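Residue strings, one per chain:
Protein chains: 2
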Amino acid sequence: MSSATEPTMYIPTYDDVLVAHERIKPFIHETPVLTSRFLNEKTGAELFFKCENLQKAAAFKVRGACNAVFGLTDEEAKIGVATHSSGNHALSLAYAAGQRGIEVTVVMPRTAPQAKKDAVIGYGGTIVECEPSTSSREAVFSEVVAQSGADFVHPYNDPRVIAGQATCSKELVNQVENLDIVIAPIGGGGMISGTCLTLSTIAPQINVYAAEPLNADDAARSLKAGYIIADDAPNTVADGLKVPLKDLTWHFVKNHVTDILTATEEEIVAAMKLIWMRMKLVVEPSSAVTLATILKNPEIFKGKRVGIIITGGNVDLDKLPWMDK
Amino acid sequence: MSSATEPTMYIPTYDDVLVAHERIKPFIHETPVLTSRFLNEKTGAELFFKCENLQKAAAFKVRGACNAVFGLTDEEAKIGVATHSSGNHALSLAYAAGQRGIEVTVVMPRTAPQAKKDAVIGYGGTIVECEPSTSSREAVFSEVVAQSGADFVHPYNDPRVIAGQATCSKELVNQVENLDIVIAPIGGGGMISGTCLTLSTIAPQINVYAAEPLNADDAARSLKAGYIIADDAPNTVADGLKVPLKDLTWHFVKNHVTDILTATEEEIVAAMKLIWMRMKLVVEPSSAVTLATILKNPEIFKGKRVGIIITGGNVDLDKLPWMDK
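Chains A and B supply the protein sequences, listed in that same order. When we follow this note's numbering, the leftmost residue of the first sequence carries the number 132, and every step to the right adds one. When we follow this note's numbering, the leftmost residue of the second sequence carries the number 132, and every step to the right adds one.
Some hints could be false.
To be verified - Here are the simulated DSS-like pairs of lysine-lysine, each with C-alpha atoms no more than 27 Å apart in a straight line:
1) B:355 to A:404
2) A:450 to B:450
3) B:355 to B:433
4) A:404 to A:385
5) A:156 to B:427
6) B:450 to B:355
7) B:427 to B:248
8) B:173 to A:450
9) A:173 to B:156
10) A:173 to A:385
11) B:435 to A:450
12) B:173 to A:173
13) B:173 to B:248
14) A:404 to A:450
15) B:404 to A:450
16) B:450 to B:385
17) A:433 to A:450
18) B:209 to A:248
19) B:385 to B:433
20) B:173 to B:404
21) B:248 to A:173
22) B:427 to B:404
23) A:248 to B:355
24) A:404 to B:450
25) A:404 to B:209
26) A:385 to A:355
27) B:450 to B:427
What the hints assert, rightly or not - Covered stretches of chain A, going by a simulated chain B footprint (3 or more residues, C-beta under 8 Å):
28) 189-197
29) 409-418
Unchecked claim - Taking CB as the label site, the calculated pair distances span:
30) B:389 to A:253: 31 to 41 Å
31) B:427 to A:257: 32 to 42 Å
32) B:157 to A:306: 13 to 23 Å
33) A:241 to B:262: 49 to 59 Å
34) A:161 to B:207: 27 to 37 Å
35) A:409 to B:427: 26 to 36 Å
36) B:448 to A:161: 40 to 50 Å
37) A:161 to B:447: 54 to 64 Å
No lab work stands behind these hints, which were simulated from the structure alone. Since this is a predicted model, take the numbers as computed values, not measurements. Backbone N, C-alpha and C define an ideal beta-carbon position, used for all residues, glycine too.
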């Protein structure tokens, strides 16, 4: 398993985060931190919600995408960028490329939500469709890159992307004093890796927790096992959290994450509805896994000051998960 | 029509607004002002959304309610407060009374959203139900007050309430420079009156527009006619805007409002969905009437810096208006 446990690529440092933040500031929001007395009373904790659903493209992934795109030389930029993603990374890379005025090609499963395809096109991106399987995605994507020579911006296993995501908790610790814990959802681990990178450097006393759907708990099982476990096609309402860890994100997870907590589909949907109802924020299911795990594990969070990364707000308003019942 | 055109009660001044703001500050949020590049491009205006949906009780009405409740003497407070309301004023008075620890009784139409009834009870209020018409509400309410002697905090035709609502645009002009226009929804006219009170004093160059559902356009017809026209039971998805003007709010509307614009039910629902989709904010239908009228009357707003009061976020998440289709 050595290739899975020792990253073969450059491991970003906090200096990269500082460079990233200066580079992306013109293209992102410093998102607000909101609180809810109701949810504080319900959990016994002091919760500080870092609202990346109010970010450009309604997703933290704009941070990493902008860092990758605006870090390209003019020569590189001329050739354009490409990625595969069924969701927020697709929108975010399209947004970033649009801001720089360069070409972007996104390989998306033909089953991806039309709203997300429309948004990619709205930002000026080109979509190439694949079948909804890992094998089809990789085959189609290889072809795209072979033809165009475009720079591949991986959704998470990329030092530029991780350094970009790391700017989120850099803002958070500046906005909220004396946090005890920061918790974020974990899918491929890009946001968690960025969070670990920033906090282990500038606030190592803060514990980092990750939250994962029980239906896609490969990261939790990886942390217990001590090596990367990848599931092929997990099924969860938290559609941003289906992808597996890769070597670079595993490096940060295994070295800096205190624990990975899980929640059921019902708990995730209930927490999502609670955030909509009490905080008046549109958040996507992936963003609600954190609150679901806090409600499920009060003993960890009680009396603590807890930063929660709300990762995004891209959701189909015509198909809300609590309406399936 | 003299009783309808000359207020019989005290007309609040900007000094009352200053007192109100100091009084209520511990119990309210200074709500954020958010922007959307997409909506700016769509309207050709610069829009600044003052997010009272992120206010305590998710409604600007907390401002007026807190000013009334915390302005009572200890003697008065002991007897408690009462009101009739189709929604947010009920929650808000219940919240304010709960903060002061005094009794509150609310007369609500039996058709009011369950979420709003639950919230009133959650804050410790008592609900007495009436039929969904102005006449029934007033009859039931008279009985309640006759029995308890509670201080009547009218939802809008009350100088204490208007002075409280006026703190919202006081914050707004502090948060955003050089506004040309401020627009707010109009039902009974409490928010619009407060807006007129503040802006006519400290920023008289700003034009105040009101936005109203076409299905409940009594204020627009009043402004044209030059006297109060009241409908008994208009039907609109914007359930906070069904009530008529009263003498005190009419005083501010006729003297300071530039125009009252209207929008159809379809336009209101489309604008509401647009705010949810693009700004990731849960706003109620009444809050979307403003954007609906801006989209409908681009010539008024184009090139202007426009403050928009987002009045509240209390909506039944199980019954969203675009899902009836």
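Hint by hint, here is what the structure shows:
no.: 1; hint: B:355 to A:404; result: violated (43 Å)
no.: 2; hint: A:450 to B:450; result: holds (12 Å)
no.: 3; hint: B:355 to B:433; result: holds (24 Å)
no.: 4; hint: A:404 to A:385; result: violated (32 Å)
no.: 5; hint: A:156 to B:427; result: violated (34 Å)
no.: 6; hint: B:450 to B:355; result: violated (35 Å)
no.: 7; hint: B:427 to B:248; result: violated (34 Å)
no.: 8; hint: B:173 to A:450; result: holds (25 Å)
no.: 9; hint: A:173 to B:156; result: holds (24 Å)
no.: 10; hint: A:173 to A:385; result: violated (31 Å)
no.: 11; hint: B:435 to A:450; result: violated (36 Å)
no.: 12; hint: B:173 to A:173; result: violated (40 Å)
no.: 13; hint: B:173 to B:248; result: violated (37 Å)
no.: 14; hint: A:404 to A:450; result: holds (13 Å)
no.: 15; hint: B:404 to A:450; result: holds (13 Å)
no.: 16; hint: B:450 to B:385; result: violated (36 Å)
no.: 17; hint: A:433 to A:450; result: violated (34 Å)
no.: 18; hint: B:209 to A:248; result: violated (59 Å)
no.: 19; hint: B:385 to B:433; result: holds (25 Å)
no.: 20; hint: B:173 to B:404; result: holds (15 Å)
no.: 21; hint: B:248 to A:173; result: holds (20 Å)
no.: 22; hint: B:427 to B:404; result: holds (16 Å)
no.: 23; hint: A:248 to B:355; result: violated (47 Å)
no.: 24; hint: A:404 to B:450; result: holds (13 Å)
no.: 25; hint: A:404 to B:209; result: violated (37 Å)
no.: 26; hint: A:385 to A:355; result: holds (9 Å)
no.: 27; hint: B:450 to B:427; result: holds (26 Å)
no.: 28; hint: 189-197; result: violated (count 1)
no.: 29; hint: 409-418; result: holds (count 5)
no.: 30; hint: B:389 to A:253: 31 to 41 Å; result: holds (34 Å)
no.: 31; hint: B:427 to A:257: 32 to 42 Å; result: holds (35 Å)
no.: 32; hint: B:157 to A:306: 13 to 23 Å; result: holds (22 Å)
no.: 33; hint: A:241 to B:262: 49 to 59 Å; result: holds (53 Å)
no.: 34; hint: A:161 to B:207: 27 to 37 Å; result: violated (45 Å)
no.: 35; hint: A:409 to B:427: 26 to 36 Å; result: holds (32 Å)
no.: 36; hint: B:448 to A:161: 40 to 50 Å; result: violated (29 Å)
no.: 37; hint: A:161 to B:447: 54 to 64 Å; result: violated (33 Å)
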